[in-house]
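Following the hints, put chains B, C and D in place on chain A, whose structure we already have.
Protein chains in written order, with my numbering: chain A, 361 to 664; chain B, 361 to 664; chain C, 361 to 664; chain D, 361 to 664.
These are calculated hints, taken from the structure and not from any lab test. Take the hints with a grain of salt, since some may be wrong.
Identical copies look the same in the list; a pair holds intra-copy or inter-copy alike.
[Unchecked claim] Derived lysine-lysine pairs resembling DSS-like cross-links, with alpha carbons at most 25 Å apart:
hint: 1; residue 1: Lys398; residue 2: Lys642
hint: 2; residue 1: Lys441; residue 2: Lys650
hint: 3; residue 1: Lys493; residue 2: Lys629
hint: 4; residue 1: Lys642; residue 2: Lys441
hint: 5; residue 1: Lys513; residue 2: Lys580
hint: 6; residue 1: Lys493; residue 2: Lys370
4 protein chains.
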Amino acid sequence: MTDFQEVIEKIARSLDSVEDRGTVASYIPELAQVDKNKFGIYVTDAANHGYGVGDADQGFSIQSISKALSVAQAFAILGDKLWQRVDVEPSGDPFNHLSLLEQENGIPRNPFINAGAIVVADVLFSHLDNPKKDFLSYVRNIANDESIDYDEKVAISEVKTGFKNIAAANLIKSFGNIENDVDDVLDFYFHQCSLKMSCRQLTHAFYFFMNGGKCQQGRKYLTSSQAKRINAIMLTCGFYDEAGEFAFEVGLPGKSGVGGGIVALLPNKFCAATWSPGLNAKGNSKLGMKALEQLTTLTGLSIF
Amino acid sequence: MTDFQEVIEKIARSLDSVEDRGTVASYIPELAQVDKNKFGIYVTDAANHGYGVGDADQGFSIQSISKALSVAQAFAILGDKLWQRVDVEPSGDPFNHLSLLEQENGIPRNPFINAGAIVVADVLFSHLDNPKKDFLSYVRNIANDESIDYDEKVAISEVKTGFKNIAAANLIKSFGNIENDVDDVLDFYFHQCSLKMSCRQLTHAFYFFMNGGKCQQGRKYLTSSQAKRINAIMLTCGFYDEAGEFAFEVGLPGKSGVGGGIVALLPNKFCAATWSPGLNAKGNSKLGMKALEQLTTLTGLSIF
Amino acid sequence: MTDFQEVIEKIARSLDSVEDRGTVASYIPELAQVDKNKFGIYVTDAANHGYGVGDADQGFSIQSISKALSVAQAFAILGDKLWQRVDVEPSGDPFNHLSLLEQENGIPRNPFINAGAIVVADVLFSHLDNPKKDFLSYVRNIANDESIDYDEKVAISEVKTGFKNIAAANLIKSFGNIENDVDDVLDFYFHQCSLKMSCRQLTHAFYFFMNGGKCQQGRKYLTSSQAKRINAIMLTCGFYDEAGEFAFEVGLPGKSGVGGGIVALLPNKFCAATWSPGLNAKGNSKLGMKALEQLTTLTGLSIF
Amino acid sequence: MTDFQEVIEKIARSLDSVEDRGTVASYIPELAQVDKNKFGIYVTDAANHGYGVGDADQGFSIQSISKALSVAQAFAILGDKLWQRVDVEPSGDPFNHLSLLEQENGIPRNPFINAGAIVVADVLFSHLDNPKKDFLSYVRNIANDESIDYDEKVAISEVKTGFKNIAAANLIKSFGNIENDVDDVLDFYFHQCSLKMSCRQLTHAFYFFMNGGKCQQGRKYLTSSQAKRINAIMLTCGFYDEAGEFAFEVGLPGKSGVGGGIVALLPNKFCAATWSPGLNAKGNSKLGMKALEQLTTLTGLSIF
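In isolation and in its complexed conformation, chain A is listed as follows (with noise of 0.2 Å):
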């Protein structure tokens, strides 16, 4: 059996005196004040044990992590008509381009590029009664956890410099892919974004994906197929133009953000949680994607 503490000890060791540790996202200037140096990760293993090490527990922006837990809602509410909406192909180009979204009438790629992510924004738009309240208590609920919270300042930071997300809503709406105003869901967009959540908070709230739709207290969010469905897109999607990359490297489904913040999981089996600020080129977080790696090389844990 795998004694995943010792793992993840070895690996945040190993990781420690890494100097490169990438970039942080400067786009956002709330993100920009965050320091370099924290790094954390957090297992939590289908029998509902968790392992910790470095700074698992502080809260940070988990950013476009917030777009598998928007799409599960979605998903849940509209069923398959939802990918009449938005696609579940890779995109093959970098997160923030429209090429495509103009090639292809504004449907977008996937729901994890911005461009989806706004069009699953919309949906959940026009069938939440309160949208950014809503879809708050959605994660408090799926997370069994009352303190997780939006961060206004960053939701804020985003509205004011988040132009090429204003590009890429009107772009869409010029195609009629967006029902409500643009105004209204690029803000529930930007809040969605915006919240602050632990290594540990995140392992709760994607236990559902690893546990077929069944959170850690036994309520079923998705059937087990549309949880399947949300892992592969995670798969083929979820990591910008880097997917093939982490797929190749790591083998599981997850979701980053440019917080720095990446969730991984196996279904049936352990979901798993880092945090390290310094992003990659491709906008994924450095030591994050290695301590993944060697998390599936040193238990031998992927789904290939």
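Positioned in the frame of chain A, the structure of chains B, C and D alone reads:
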């Protein structure tokens, strides 16, 4: 000597019976209501004589034709520095595509695609005390006609539905190539496009392009070299992705607008404007293109 | 325990009455003559038991399925250096597009688009004494089946009409990423694609991918890590621009070919091959996709 | 009246001391050996007077300049049907990109990108009895100069290293827009590009473009309308993705080649050729561009 009156009457007769007049632009609600059967031509020659036929005195929304006037004003203000903000190459793409913007770091291909004209509007917004008022004065002075005005209804109509332009402006802003507030720049841009002018007025306004920078009243608005250069951009970029076709069939520098107007000119000889609201698949006036083709064929006057 | 025989018979019955079987590939004349009603499934489980139904023993042109075998041989020879010649990212584009090649300096996106497989063929051509003979031996050994052979008619048929592949190879050569003579490399590549195998034989040949690199006879062809990595590429890139869809609907690493074959596998559990010559719009076997979707649904076996 | 001799001598003096002469094309081995300091200008005016300076009588490889002559011959043979095989729009892309070909079903953007010139070569190959011989005769007749010839060494040099052109030709063939054997068409195309001519000879050969289709000896090779149309294509497409810049700075229809030659003309006035082997980043002669810019500035003669 060319008898322009005879020529344009002949053209008008030959086009009178054409059944397929193209499609009136519908994306701006106010434009969609225009009568498709309207048709006018007006020619002003170098000696200041004017020749008209049909609806040559009825005002219509000049839309993108205004881009030639705004780039002239910006060129006069900024000189060659303007070309650091916008390039002078044909785009090879339809007029609303954002793809190239991403590849080329927010420097639009030329001042006649929407993205380029928005950058030009930003330049004017930075340098004019009262942008909307001052640009309108500029056009009135150049055309020597105080009756020219914005069409507020059309301007507002664009603000509401111009999602692609909002997308373009925000994308450019994300690359740092827009200095002012995006909403302010677009409000100015939409007003500029809403200018209502007749064929006659357009030939007066464009007279200085064919006259080495001097208007009909002899005032100098551009150096001779600057006038030539804008003529060159009109020839290579004035007709979206049909610029080559227009040069090939007509052989004159010119600029078209989705309101169905076209202005074209032969340096030191004449300036001609046509209006027919139905557009071809590339967004240029169907009958206007034919009329100008006949004009150069019948008179033997073209730059080539 | 899964009764594969029962499951695949159920699948075959359910698909028997499907009328729309897609379109048989016509661009290779020899393939166009295949009977559209052919249908076979074969499963080999980890314990070496085999289960077949329909035309599971009839040979067909495996085409692109061969790319998984050639990349395995090249990976074993060159190790991680192989990935300097070809990347591991999904292309997001149809299987025959050259555009990305130009943007990315002749490094194909992954070894499963034609451009990438041609680079792999070039690697093998440089390292094998007798490329065609040695690659064939490799496949025969892995599958433990001396009856496997090239179909010369098909190979020649491709040489004559493979203009896009000739274009791709020359474009890559222009970037210096092909070492040998283009004609030699393509002749080898077309032979490799012309391999004729049955569903049964394909599950034997792909057994080592699901068995940590060891074939049914226990010979080691890849390290466990290498086998996992090729599985990862199959999952993210094995189905042209339908890779996301296949991961989403089926949830197994796999590889398809325009001959109508598909092989898919669940590590340490089973390897399955289907054959139905009719293709969908994206070039994958229409009934094969459905059969594999049912296989994972009925057995509950998938990597997610 | 313009004293061309004085003007070109002044230009030659002003450019004599320029240190940065660009980079000699190296991709064709035979071209790489040319002396970078060579420089010549020749002007032939409408009255058939000639004016030369520097190396105006030394032959060099005209390369892409030949495309204007081949499209003239094909236009005379096929008439407007030619434009079903190749378009007349600027490409907006560097001269060797294949991307647009894929998007536009094998119809090249214009006859001056390599892909378009290869289609033109295919047209001539179909219609000429002895393509290489007949095209050479055509050029000799037009220029009234039997000494003009192919440079076999250069032609062979291109056959060996022209991988991008082979790629383009095969890609076009895959769309059915090349009728003949690809190797035959390319052999003809490479010969055409290998033509060795001096500045003086080039102005003689291009005289008919500026003279309504009639050569210096008064023979008619194109209708007046056809000559104008090729001039229009030269203006919008004659300088790769620097066509807009050339129109903007120089304001004449023209055609450049990687051998360092440029021909430009003002209808009914003059035809000028320059030669300086060093190229700028876009593949056009660095000093040639400057010389022609000065020519239009000093004489005030341009189409705008």
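Give the relationship of lysine 513 and lysine 580 under a CA distance limit of 25 Å: within one copy only, between copies only, both, or neither. neither (33 Å within a copy, 53 Å between copies)
25 Å Cα cut-off: does lysine 441 pair with lysine 650 within a copy, between copies, both or neither? between (37 Å within a copy, 20 Å between copies)
Intra/inter-copy verdict for lysine 642 and lysine 441 if alpha-carbon distance must be at most 25 Å: Classified as between; 21 Å across copies, 31 Å inside a copy.
When Cα atoms must be at most 25 Å apart, do lysine 493 and lysine 629 count as within-copy, between-copy, both, or neither? neither (32 Å within a copy, 44 Å between copies)
Given a CA cutoff of 25 Å, do lysine 398 and lysine 642 count as a within-copy pair, a between-copy pair, both, or neither? Within one copy only: 20 Å inside, 45 Å across.
Can you tell me if lysine 493 and lysine 370 fall within 25 Å by alpha carbon in one copy, between copies, both or neither? Neither: 40 Å inside a copy, 47 Å across copies.
Hint violations for this structure: numbers 3, 5, 6, all remaining hints satisfied.
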